[in-house]
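There are 2 protein chains.
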Amino acid sequence: MANAHPLKVKLQIFCGNEIAMGPGKADLLDAIEAAGSISAAARNMGMSYRRAWMLVDTLNRCWAEPVVETVAGGSHEKGARVSEFGKRLLGSYRALHDTIDASASIGFESELAIHLREIPRPSHHKPA
Amino acid sequence: MANAHPLKVKLQIFCGNEIAMGPGKADLLDAIEAAGSISAAARNMGMSYRRAWMLVDTLNRCWAEPVVETVAGGSHEKGARVSEFGKRLLGSYRALHDTIDASASIGFESELAIHLREIPRPSHHKPA
Numbered sequence: 142m143a144n145a146h147p148l149k150v151k152l153q154i155f156c157g158n159e160i161a162m163g164p165g166k167a168d169l170l171d172a173i174e175a176a177g178s179i180s181a182a183a184r185n186m187g188m189s190y191r192r193a194w195m196l197v198d199t200l201n202r203c204w205a206e207p208v209v210e211t212v213a214g215g216s217h218e219k220g221a222r223v224s225e226f227g228k229r230l231l232g233s234y235r236a237l238h239d240t241i242d243a244s245a246s247i248g249f250e251s252e253l254a255i256h257l258r259e260i261p262r263p264s265h266h267k268p269a
Numbered sequence: 142m143a144n145a146h147p148l149k150v151k152l153q154i155f156c157g158n159e160i161a162m163g164p165g166k167a168d169l170l171d172a173i174e175a176a177g178s179i180s181a182a183a184r185n186m187g188m189s190y191r192r193a194w195m196l197v198d199t200l201n202r203c204w205a206e207p208v209v210e211t212v213a214g215g216s217h218e219k220g221a222r223v224s225e226f227g228k229r230l231l232g233s234y235r236a237l238h239d240t241i242d243a244s245a246s247i248g249f250e251s252e253l254a255i256h257l258r259e260i261p262r263p264s265h266h267k268p269a
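For the record, the sequence lines run as chains A and B. All you need for the working numbering is the position in the first sequence, starting with 1, plus 141. All you need for the working numbering is the position in the second sequence, starting with 1, plus 141.
Derived from the structure by calculation, the hints contain no laboratory data. Mixed in with the good hints there might be a few duds.
Copies of the same chain look alike in the list, so a pair counts if it works inside one copy or between any two.
List of simulated lysine to aspartate or glutamate pairs, DMTMM-like, C-alpha gap at most 20 Å [claimed, not checked]: (1) K149 / E250; (2) K151 / E210; (3) K228 / E250; (4) K228 / E252; (5) K219 / E259.
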């Protein structure tokens, strides 16, 4: 029998040379929606604020509508939320990923799984 | 109109915690088949011999049959070739990738392409 989840499918959408959507940005959007700000989302993901801000900036520059909106507030740390457009975008991206992931699993099971070991054999040699 | 190739699909097959097949290993197998040795393939790919050897070792430990076979020879630098099993494996992997890539493109065009910009808008701000 093969491993439980031997397949990993990664889906990236490019806008020019920039990644308009991918696994990292999708996870960041979830974190922003849960935390209510870019800085809190970054902390929760163990990511610098600058990096999170850059990812959000790329998202907002690559799509026709804003994906993340900042929420006006009196404090130094403004809030942020995923826009309605952003939520639909995230849903479509995740649905597309799940569809091809399921399709890949079917092909893998029928063609490749039978030849895959449960765990790798140990390595005995070193390169010369 | 969206970009010509805005989608990138990456397919990895895991054996335990090791990558049994992925884009890098598939390209290395092509290079070994073309060059006739691991060292020449590594040079052609701009990769160290040690790294290429490790990838081949992982391939050979993760699948039921050897993927790359060394070819006996008198010289210091032995030749290597992709086994018949390896060729079938590579063909199945590439076919699976192409199938899900085509499936992803259809979903992308119908759901997401309309919202994607041709190129990103310029970035005007810097993070606070």
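Quick rundown of the hints versus the structure:
{"no.": "1", "hint": "K149 / E250", "result": "within (13 Å within a copy, 23 Å between copies)"}
{"no.": "2", "hint": "K151 / E210", "result": "neither (26 Å within a copy, 30 Å between copies)"}
{"no.": "3", "hint": "K228 / E250", "result": "between (33 Å within a copy, 18 Å between copies)"}
{"no.": "4", "hint": "K228 / E252", "result": "between (36 Å within a copy, 13 Å between copies)"}
{"no.": "5", "hint": "K219 / E259", "result": "neither (49 Å within a copy, 30 Å between copies)"}
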